[in-house]
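Residue numbers for the sequence shown, in the working numbering: 1 to 190.
No lab work stands behind these hints: they were computed from the structure.
Across the chosen pairs, the derived CB separations fall in these ranges:
| # | residue 1 | residue 2 | range |
| --- | --- | --- | --- |
| 1 | L175 | S109 | 30 to 36 Å |
| 2 | E62 | E114 | 22 to 28 Å |
| 3 | I128 | I171 | 25 to 31 Å |
| 4 | S102 | S43 | 18 to 24 Å |
| 5 | D148 | Y182 | 29 to 35 Å |
| 6 | P42 | L172 | 36 to 42 Å |
| 7 | S41 | I171 | 36 to 42 Å |
| 8 | L175 | E143 | 26 to 32 Å |
| 9 | T124 | K185 | 22 to 28 Å |
| 10 | K36 | G167 | 33 to 39 Å |
| 11 | I134 | S35 | 16 to 22 Å |
Note that CB positions come from ideal geometry on N, CA and C, so glycine has one too.
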Amino acid sequence: MPSSTSPHPDQRGVEPHPDRPRNVTGDVDYTPDPSKSVSISPSRKEIQQKILNLYCGSASEEDMKVYAEKAIYDDPFSYCDTRYKIAGQWFGLPKMFSRLESLGTEVTSSGPHELVWKQKHKYTFAGISTSKTIDSFVSLKLEGKEPDEKVVYHKDMWDEKDYSHEGLGAILKKLNGDKLTYITKPPESI
1 MPSSTSPHPD
11 QRGVEPHPDR
21 PRNVTGDVDY
31 TPDPSKSVSI
41 SPSRKEIQQK
51 ILNLYCGSAS
61 EEDMKVYAEK
71 AIYDDPFSYC
81 DTRYKIAGQW
91 FGLPKMFSRL
101 ESLGTEVTSS
111 GPHELVWKQK
121 HKYTFAGIST
131 SKTIDSFVSL
141 KLEGKEPDEK
151 VVYHKDMWDE
161 KDYSHEGLGA
171 ILKKLNGDKL
181 TYITKPPESI
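Working from the sequences, and respecting the hints, build out all of it.
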């Protein structure tokens, strides 16, 4: 890991907590309907596209520039507290999956310092050609002013759940975030 990289000083303070989307029966619903997407500015569209590129396996330094150096990434399997550790996650996807496809998005909110969307993504495991399709809820906390905003917290929730940052699960997520870069070896220039 680059020696100049240190975690964000207020990790819980920048964590986004948007209202989770609900369907007509009141149940939490992460299934996107692109026709219901709210419109977003060109700079927000660029942020979203760079994140979607990463979900689709781009693992490029250019797409990684969407994150602030002390950004946080939080999903069901990992918790990363620097851009370099986040890169470790994205650089690992093409090693685990032979195909990564974005099947649809619905932007649900674009407010001051936030961009939130539902997405449907298909992951095809390398070697066994088995696929898993996931509906998730992505929320980004942004800092700076348009068009120069950077992602400081990227939260990806699956299965209509938010997650705890306590107990054994949190320890395993943090361990994954801290150690995966030793396997995936993203460029230190990130």
